[in-house]
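Chemist: One-letter residues, chain by chain:
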Amino acid sequence: MYNPQLTDDGKLKHLLSIEGLPKSIITQILDTAESFVGVAEREVKKVPLLRGKTVCNIFFENSTRTRTTFEIAAKRLSADVINLNVSTSSQSKGETILDTVDNLTAMHADMFVIRHSQSGAAHFIARHVKPHIHVINAGDGRHAHPTQALLDVFTIRRYKPEMHNLRVALVGDVLHSRVARSEIHALTTLGVPEVRVIAPKTLLPEHVEKLGVHVYHDMAAGLKDVDVVMMLRLQNERMTGALLPSAQEYFKTFGLTQEKLALAKPDAIVTHPGPMNRGIEIDSSVADGRQSVILPQVTYGIAVRMAVMSILAGNN
Amino acid sequence: MTQPTIDLPDAEQLLSRLAEQLKPVINGETALVGIHSGGVWMTERLLPMLGKDIAHGKLDVSFYRDDFGQRGLHQDTLPSQIPFDVEGRHIILIDDVFYTGRTIRAAMNELFDYGRPASISLAVLVNRGGRELPITPQFCAHNMQLPADRNLQLMQDKAGRFYLTLEESQDV
Amino acid sequence: MKIHIKNGRLIDPKNGVDAKQDLFIAAGKVVGIGQAPADFTANQVIDATGLVVCPGLVDLSARLREPGYEYKATLESEMLAAAAGGVTSLACPPDTDPVLDEPGLVEMLKHRARQLNLAHVYPLGALTRQLQGVNLTEMCELTEAGCVGFSQADKPITDTLVLWRAMQYAATFGFTVWLHPQDTYLAANGVAHDGEIAARLGLRPIPAAAETIALATILRLARETGARLHVCRLSTAESIDMVAVAKAEGLPVTCDIAANHLHLTEYDIGFFDANCHLQPPLRSQRDKDALRQGLANGTIDAVCSDHTPVDEDAKLLPFGEAEAGATGLELLLPLTLKWAQEQSLPLSTAIACMTTRPAAILGLKSGHLGLQTSADVCIFDPEQYWKIEARALKSQGKNTPFTGMELAGKVRYTILDGDIVYKT
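Protein chains in written order, with the working numbering: chain A, 126 to 441; chain B, 33 to 204; chain C, 879 to 1302.
Hints were generated in silico from the structure; no laboratory data involved. Everything numeric in this text was worked out from a predicted model, so none of it was measured. You can take every hint at face value.
Below are the SDA-like pairs computed for lysine to any residue, each with C-alpha atoms no more than 20 angstroms apart in a straight line:
1) Lys178(A) - His106(B)
2) Lys1193(C) - Thr221(A)
3) Lys170(A) - Glu119(B)
4) Lys1193(C) - Asp227(A)
5) Lys335(A) - Thr1143(C)
6) Lys335(A) - Arg292(A)
7) Lys326(A) - Pro1085(C)
8) Lys1166(C) - His332(A)
9) Lys200(A) - Asp145(B)
10) Lys171(A) - Asp98(B)
11) Lys171(A) - Pro115(B)
12) Lys178(A) - Ala231(A)
13) Lys1276(C) - His253(A)
14) Lys190(B) - Gln45(B)
15) Lys200(A) - Gly104(B)
16) Lys326(A) - Asn361(A)
17) Lys171(A) - Glu119(B)
18) Lys171(A) - His106(B)
Let's have the full structure, built from the sequences with the hints guiding it.
Modeler: As C-alpha cells, then:
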C-alpha cells in the first residue's frame, strides 16, 4: 500500500503519523535518540549533522512549548531555525497554506515542522512540497502528534524495556486527542500486548476499539495491574458543549490520585504530555510523586526530535 | 577475473604488538577511546594487557561524519560514552583500520565537544594506505597497501578471537 | 431535421423495449420505432451499430452554480457537461447566490438555459426564504415561474414547527418537498462518517443518526401533513429501511442517492483525500451494500449525479477545510452502469434508474421513447472505457474521487428535442 511517509525504498521521508510506520523505523528512531540523550550532557551540546540546513517551524496553531522543543532540537543539530506563527500573520491576510509553504520553499528551507488545527494538514502539505523537503507533523487537529508519542514510548522503554510484556492505560480525553491516537499506534506497533483507554463515553470516539484498545469507563477496573499510566490533557473548553458537567466531577471520577494509582502495579510509571491541569486530570501529589516520569519526558523529547530530524535529513 | 590473493596478518599478533607499542606511553593522564565498533573491542582487550587502571571511553562518530549528506544517518547508531573529564587528558584514539582519515577527523571533532584534551594520538592495528587528510597513526602494528575497492575489517569469532577479513567493497 | 438512428440496441425501460430496433425522429419527436413512418427521408443517419440507444438521462441533482458562483462553474460549462454525460433533463437545487427564492431569478435561469439549449433545466425553488428556515417562499409564484418542487438543498430547517408548516403549505397545492435529512446539531462541523476512519484520522464525525433522526422527523411530518415528499441523497442502511416502511404504509414518498455512494465508502478517504469529502459523507461498507441493494429492488427510486463542481482552490486545503462535493454529470452513466454490471443486473434496470424513475419524480412526460414523445435521446457505447481525468471532463469542476480510474460507458450522441447537442 502507498505510504506517503516513506521513500520508494522504504526509508522515512516525512514523519506524519505513527500509523503506517514499520516497527523497524520506530525502533531506529528510539535507538538513535539514545545516542542523542548523552549529547545534552556534554560541554558543547551540539552536533554538526544539520549544519547548513534550514528548519522552518510553521505553526498555524500557536504552541510555544512544542515549538521550543523543536527549535532546541534543530539548533542542537546545528541547523538554522525559522519560526513562523502563521495564525497571527498571513492567514488573516487571505494567504493559503500552500502560498505560505511555497514562500518558505523559495527561501531554501529543507525541513518543515507543521502544527495545524485541521486533521490531515501535514499530509496535505507533504503531498504538495518539493521533493527535497521533509515534513514533520508537530500536531494536526485530532489526528496525530507523532513526535510526542515517540518520546512517550522512548520514556516508557527506558523505564520498562520489556515492551512486549506491558499493560498500558491511557486516561482521559481520547476523542479530541491527537496524542492519544499516536500513542496507541506507537504502543501497538512496538508490541505492547494490552493497551487500555479509560474515559467517559463522551470523550471516546465511536469505534475506538477498532484502534486495538480495550475500553474502560471506570478507573478502578481500568488501572488494575497496569505498568504504565498515560494521562491525557483535558482542555478547559471540554466543560462546555455537554461533554462533561464540571472539572470537579471529572477529577472525582477520572482524575489520577494516589489512591487510584495504588491500584496499578507498585512500580507503575505515570506519563503526561503536558501542560498539566493539576487538580483536574492529575493530582499534584501524583504529578510530582516518585512514579511520575513527566520531567524526564521533556528531556527525552529533545533527543527524540533530534533523532527524527537527523534521520529525515539523511534520507535524500 | 581472479583477484591475486592477499595474505592477511594475524590480528591477535597485531594486537599484542600494538599493546607493546602503547605500554611505554601510558601514564596517569592517559585515556583510551575506542571508535565503534572495532576500536571498542580492541580497547576492551587492550585494557588488561596494558595492565593499569586506565580511563577509557567509546565514540560513535555517526553524528560527525562528513558523508552524512550522501549516505544519511548510519542505521545502528550507538551512544558515545566518555565517562571521564577530557580537559587536559592525553587521549589515545583506538581504531582497527586506518584508511582515509575521515573517521579520525570526525572522532577528534566529537572529542573536542567534550572538552580540550592535552593531546590526541592514534593507535591502529593496520594502516591500509589511502589517507585523504593530513592525519596518520602514531602507533600502528602493520602497514599494507590495499586497492580502493577492498574493504578490510576486524572481526571477532565466537571465542572472542580477532581476525581480519577482506571483501570487495560494495559502494565504490 | 429528420434523424434515422439505425442498428442500435434500443433500450426504453418504460415501454419494455430492449431490442435491436431503429429509431426515427422528426420535428423534435419520436415518429417511428423499428419501422420508419411513411414518406420518411432522413436528413441524417446515425449508425449506432454496437451502441445503446436510450432515453436522455434525467438527473435529479446538478448544481450549475449560477447565479453567484461563476468562479466554480458557469451555465455554459455545466450544460455542456450535461450534454456530454447524456443528461437531457436536470433538476438544480436552489443553493445559488442569490438563493432561488424569487420568481424573477427562476425565470432568468430558465431563460438562460433555454438559450443555451443543451438540456432541459428544472429548478427547485427554495422552501424557505434565503434557505434560512424561517419564512416560507412564494411557492405558487415560483411554480408559475418554472419550479418543479421545493428544497432546502443542504441547509436543514432546524425549527420543526417551520418544517411542519412548510410541508403543510406545500401540501395545500400538491407541491413536492425535496429534503435532505440531516440533523443540524448531530452533524455540526462534521466532515466524515462516524466510523473507524474518522476515529483513526481524527476527522470530525457525522453519525448515521444525524440522517436517520432527521428522516424520522420528516417522514412523520409527511404523514401528518400529507405532503408529497422526495428524500434526497440518502446514505445509510437504516434510512433505506425507514423509506421502505413508509412506502409500504402508502406514504407518497420517493428517494434518491448519489452515484458516488454506490461505489465508495469511508475507507476511500485513505490519507485525507479531499476528493472524498462529500455531503452526505461516504459511509460504511454495510451502508454502501444497502444502497446498492435498495436501488436494485426499487426502494430507492433513482440515482443522481449530485453534481457539485468545486473550484480547485476550495479543494486544495486540508480535508476538513476543503469544500464538500464532486463533479458528476459526466460520471452518472458510467457509475450507474458499473453498479448494474457488478450486481449482474440488466442494462435496462440501470437505465431506468436514470430515466423513467427520476422522470416520474419530476412529473415529466419525458424519460422514455414512446411515439410522439420529445426526442431526448442518449446514444452510448457500453463497452468503451475512458479515463477519468481533468482534460476528459467538460465540467469546470474537475474533482472527483474517481480521478485516474477507467470506467466503461461513453456517450457518443446526445439528442435534445430532435437536435444533436453532443457528439463525439
